[in-house]
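A.B. asks: Here are the chains, one letter per residue:
2 protein chains.
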Amino acid sequence: MFNSISSKKVYEQVIEQIQQRILNGELKKGDKLPSERELSEQMDVSRTSIREGIRVLETMGVIDSKQGEGNFICSNIDKSLIEPLSMIFKLNDGTWKDILELREVFELQIVKLAALRATEKDCMELKSIIDEMRKETEIPYNKKIVVLLDQKFHNKLVSISKNYLIESFFLMSSKLFENFIEDARDKIISKYWSKEILFEKHNAIYEAIRDKNPDLAYEKMKEHMEIIGKSYMEATLFEDC
Amino acid sequence: MFNSISSKKVYEQVIEQIQQRILNGELKKGDKLPSERELSEQMDVSRTSIREGIRVLETMGVIDSKQGEGNFICSNIDKSLIEPLSMIFKLNDGTWKDILELREVFELQIVKLAALRATEKDCMELKSIIDEMRKETEIPYNKKIVVLLDQKFHNKLVSISKNYLIESFFLMSSKLFENFIEDARDKIISKYWSKEILFEKHNAIYEAIRDKNPDLAYEKMKEHMEIIGKSYMEATLFEDC
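Chains as they are written, first to last, in this note's numbering: chain A, 1 to 241; chain B, 1 to 241.
Check each hint, because a few of them may be wrong.
Same chains, same label: a pair holds when it works inside one copy or across any pair of copies.
Unchecked claim - In silico DSBU-like pairs for lysine-lysine, Cα to Cα no more than 35 angstroms straight-line:
hint	residue 1	residue 2
1	LYS28	LYS127
2	LYS156	LYS9
3	LYS121	LYS212
4	LYS230	LYS144
I should point out that these hints are in silico values taken from the structure, not numbers from a laboratory. Bear in mind the structure is a predicted one, so any value in this text is a computation, not a measurement.
Could you put together the complete structure from these sequences and hints?
C.D. replies: Rendered as structure tokens:
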């Protein structure tokens, strides 16, 4: 049997050419691409195919198409990956357990890296979130603020891990979390909000990071994640009744 | 100040409409989309915009466009995510340490899940890879076979974890690993191949999974990952001299 010589569509070949120049370093962040007319002449393909290729790269977060100015190389992993993941999750009949497990994969390692890499400034920023959490336990709690503080804490942790790949993957998983378990924090906090569960667990994680103790940070995060899984399951079961 | 009413491009609105129907479950895997002409009439936009939107969804792995047959909903996370990640990695001047750390994030949790979920059949399949590894230690080793067995072992582990989201994310990280540290396995195996490092470490992981001991499996994987990180660093340093 013979191999097909090229089953690639024209716009895919356009993408490949641009991709190749990014991967070999010829095209860098901020660079402006030649105009669509020039690209069409250089690659000897229709402007429609050029435009289709550029649209794809734009949606992937690799090209920023500014009206009247042209197409620029950028890199925005958030824009690029979130939506396909949500669709693929839905098309595969994913469950909230899949998402919680994925989240745990990240949180547990992030907290270890954070304990190894937190600077004094990082610790102070983390502490200020913790202080706000403590305040919330002393007054009738405001759910919106608590949800926001929770998010802030976990996002701060990943930025302290200082690995932008892990941060990017974590942000993808967070979007899935927000899109499909959007009311997760809400439900858990409504039903299980208490000093122990939220303030004390987060504070224990913060203290382990401040003390540069990755194993303890891991243990504390694990306890926190176990409570979240259990609480979400109970909150959901409760609702189903 | 007023808010912009719609700064979205037409093709982005086309994507959003299709995406919405996937997310609310109206469109399922295998469903055929209306023809481009029909879509253009229904959405009241040009066929060019319809085609641009469909191209994007095709490259994301959500639509399979079969010539002469039409556009079908599919879900292929591999196709969808690998290439943008590679480009974004390159554009952000990522390093091999970022990738190895990301990989560790997955491997460590995967092995715990695998220890909890491995069926007898899974264990037998894992054991047959281990048996092949053992054989390789008894004869002059064939690098290609060893590299392949190593890949097979790690891919089998993630499938045993039985969470397709984690599997998808792991596959994305594997592609980064292969694209940017493509010679990593090769280098490490050439320089550090020995019974202890490769066969015995993998065997210890296998035994922990067979014995349904997630904490031991985690410890053994951690040791394995530490050797890989150290070996890759040494192999690379050595080469730089």
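A.B. asks: Taking the hints in turn, state whether each one holds.
C.D. replies: Tested hints:
no. : hint              : verdict
1   : LYS28 <-> LYS127  : neither (38 angstroms within a copy, 46 angstroms between copies)
2   : LYS156 <-> LYS9   : between (43 angstroms within a copy, 33 angstroms between copies)
3   : LYS121 <-> LYS212 : within (14 angstroms within a copy, 42 angstroms between copies)
4   : LYS230 <-> LYS144 : within (22 angstroms within a copy, 45 angstroms between copies)
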